[in-house]
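Note that the protein sequences, when read in sequence, are chains A and B. Residue numbering for the first sequence follows the working numbering, starting at 1 and increasing by one per position. Residue numbering for the second sequence follows the working numbering, starting at 1001 and increasing by one per position.
Some hints could be false.
To be verified - Keeping only pairs whose Cα atoms sit at most 27 Å apart, straight-line, the calculated DSS-like set for lysine-lysine is:
| # | chain 1 | residue 1 | chain 2 | residue 2 |
| --- | --- | --- | --- | --- |
| 1 | B | Lys1053 | A | Lys164 |
| 2 | B | Lys1053 | A | Lys105 |
| 3 | B | Lys1103 | A | Lys114 |
| 4 | B | Lys1053 | A | Lys98 |
| 5 | A | Lys160 | A | Lys98 |
| 6 | B | Lys1053 | A | Lys160 |
| 7 | B | Lys1053 | A | Lys184 |
| 8 | A | Lys98 | B | Lys1103 |
| 9 | B | Lys1005 | A | Lys98 |
| 10 | B | Lys1103 | A | Lys184 |
Stated by the list, open to error - Computed spacing ranges between beta-carbons, pair by pair:
| # | chain 1 | residue 1 | chain 2 | residue 2 | range |
| --- | --- | --- | --- | --- | --- |
| 11 | A | Pro320 | B | Ser1189 | 43 to 51 Å |
| 12 | A | Glu27 | B | Arg1251 | 54 to 62 Å |
| 13 | B | Leu1011 | A | Gln233 | 42 to 50 Å |
Said to hold, decoys possible - Quick partial rundown of chain B residues pointing at chain A, CB under 10 Å, derived from the structure:
| # | residue |
| --- | --- |
| 14 | Lys1005 |
| 15 | Ile1009 |
| 16 | Leu1097 |
| 17 | Asn1117 |
| 18 | Leu1128 |
| 19 | Gly1129 |
| 20 | Trp1133 |
| 21 | Gly1254 |
| 22 | Ser1258 |
It should be emphasised that the hints constitute simulated quantities derived from the structure, not laboratory data. For each residue, glycine too, the CB sits at the ideal point set by N, CA and C.
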Amino acid sequence: MPVPTTDPDITVRAAQLRKAYTVTEKEPGFLGSLRAFVRPNTRTVEAVKGVSFELRGGEMVGFLGPNGAGKTTTLKMLSGLLHPTSGAATVQGHTPQKRGTAFLKQITLVMGQKQQLIWDLPAQDSFLVNQAIYEIPDAEYRATMREFDEVLDLSGILSKQVRKLSLGERMKCELAAALLHRPKVLFLDEPTIGLDVNMQERIREFVREYNARFNATVMLTSHYMADVTALCQRILVIDGGELVFDGDLSALTSGPDARKTVRLQLSRPETAARLSTFGELIRLDGLDVELAVPRGEVSARAAAMLTHLDVADLTVVDPPIEQVIGQLFRSDKKPEPVKALA
Amino acid sequence: MRFWKLLRIYLSASLSVQLAYRANFLAAILSSFANLATGLLGVLLFYSRPEIKELGGWNLEGALMVVGFFTLTEGLISVWLRPNLTQLSEGIRTGTLDFLLLKPVDAQFQLSARNLNLLRLPDMLLGLGLIVWAGAALGTVTLSGALLSAVLYLSAIAMVYAIWFMLNTTAFWLVNVQNITELFQGVFSAGRYPLQALPLWIRPVLTFVIPVAFITTIPAQALRGELGTAALFSPLVALILLAICRVLWLRALGSYTSASS
Ligand SMILES: Nc1ncnc2c1ncn2[C@@H]1O[C@H](COP(=O)(O)OP(=O)(O)OP(=O)(O)O)[C@@H](O)[C@H]1O
Ligand SMILES: [Mg+2]
């Protein structure tokens, strides 16, 4: 039974969503295969273990977690591909798994690792198929393409066979194809995976503009911190199938606790104890060193490192997402627990 | 209507893909003729012995008509069913079925109509030609016989579609179904010969288990004017199979797990 929505502003709601996969296991080698064939050895994997949250219309939310945490599974349930084992989802007032026409016309799911474009044809041809499927009037189609072209710079790549496009060009086309029908709710599963920094920035810009223009709700997973910090105020963190954090990202990236990572390439080995005086030692691997330092003191600390250590190279980067999440769970700054939904 | 528009767009997309691989074209036409020749050769060799005038009530023209229906059906399978339905198990294995399910058009329709292998169109034309030729040679074809035959053949196609689709739907649980569809293909090739020309024990199998007889022999009989309206229960069987197919498909979607990525 879906919980009745009290707030009319809520566009996405997950209530105790759970998904268990049945997997057949097999030992390696031919004999293992034969044994599995005769007597399949099945096991249940609980990928998502009762996740609850609500997204407001127009909100952009980062959905984070380590590999295998259950992010993709959750997004697939919200977009109606997978039937939840238990619990309920509501998106724009619809139950996703029914896959009703009205529901499907309002959402999209972009998967960075899968592609919908027809491989042997120019992307344009796939767009035309989608135009017919979503019944987009010609005028609206042209207007949308013009807008997308402005931000994504599609000119010249639309008429090239998809298999001849670069990864980044293909991703731009994939995004355009997935948003042609101007959905109100976007589920983006690692849309920037494998792209270079410029292309990531371009994609982010596009998502930001789309969100502003159509007041669309965006739920985004990524393993790149920059994607999330650039687009989302709020993050949901899932780990081992359970939602472990639901709250503000800003405290982590710009608050007093925010940190940066300084990567050093030394010319002479140093002891861990000495390095620790410049910041928290995260990695020491021969001459490769990573130190976490408070955001506000980056330049001072970097200067100190350059004067006191034999530094061949120094770069300052955002800490990887896993570290930021890890920081959430330090004893001194416990995040507010996720409030259970009624 | 939207479905027609979509069909048109799918057709033009299929055509564009195939035009991109021009070299295939000649090979496809040659193989169409080779297919037909195999079918014809068996029948012609058999009837070439002067002491044989007919077999199981089928004379040469009748038997050729069966070959015609067989070739037509095989062509239809190559043009329409195989290119579409092999994509189902492929989509399940690789997870690309996701995109189809995300679209606001019936997924079974999309799956059944997206790809057409127009290169195999000559098979259908050759089969049709052979039916017409054999019918003319027989000289006993009536209008009502032709209409009845058309109805029976359409029902037969619906049955082939339903069976083929169901076999492929099992991919949701079995993932790899190539061997199953090959088995169907093997049994179907028995439809090249009139049912009555085959051993007695296999006839019920080819009528009731895998209705190969409905596809070639029965429409040919109707065209020869040999069948009463009793054969009209064929559309009923077709409808039942289509309904079962639909139910199975909907159940399968519930257990779709969408290959991880
Ligand atoms: N189709 C499937 N069948 C069986 N198990 C699956 C399937 N899809 C995912 N899983 C399992 O469910 C768990 C969650 O997977 P999921 O793809 O949701 O993780 P994720 O958070 O998206 O990870 P990543 O960051 O690596 O993409 C994993 O342990 C995975 O092995
Ligand atoms: Mg994933």
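Are the Cα atoms of Lys98(A) and Lys1103(B) separated by 27 Å or less?
holds, 13 Å
Is 54 to 62 Å right for how far apart the beta carbons of Glu27(A) and Arg1251(B) are?
violated, 31 Å
Does Lys160(A) sit within 27 Å of Lys1053(B), going by the straight-line distance between their CA atoms?
Cα-Cα ~61 Å, so violated.
Double-check Gly1254(B) for me: the hint is only fine if its C-beta lies closer than 10 Å to a C-beta in chain A.
holds, 5 Å
May I ask you to test the hint 43 to 51 Å on the CB atoms belonging to Pro320(A) and Ser1189(B)?
violated, 59 Å
Gly1129(B) as chain A interface residue, shortest Cβ-Cβ below 10 Å
violated, 31 Å
Are Leu1097(B) and chain A close enough, Cβ to Cβ, to be under 10 Å, as the hint says?
holds, 9 Å
The hint names Lys1005(B) as touching chain A; please verify it with the least Cβ-Cβ distance against 10 Å.
holds, 5 Å
Tell me if the interface restraint on Ile1009(B) is satisfied: Cβ within less than 10 Å of some Cβ in chain A.
The hint holds - Ile1009(B) has a Cβ within 10 Å of chain A, the shortest such distance being about 5 Å.
Does the alpha-carbon distance linking Lys160(A) and Lys98(A) stay inside the 27 Å limit?
Distance of about 36 Å is beyond 27 Å: violated.
Holds or violated: is the Cβ of Leu1128(B) closer than 10 Å to a Cβ in chain A?
Hint on Leu1128(B): violated, closest Cβ of chain A at ~30 Å, above 10 Å.
Going straight from one Cα to the other, do Lys1005(B) and Lys98(A) come out at no more than 27 Å?
Given pair Lys1005(B), Lys98(A) holds - Cα atoms ~25 Å apart, limit 27 Å.
Consistency note: the structure conflicts with the earlier hints numbered 1, 2, 4, 5, 6, 7, 11, 12, 17, 18, 19 and 20.
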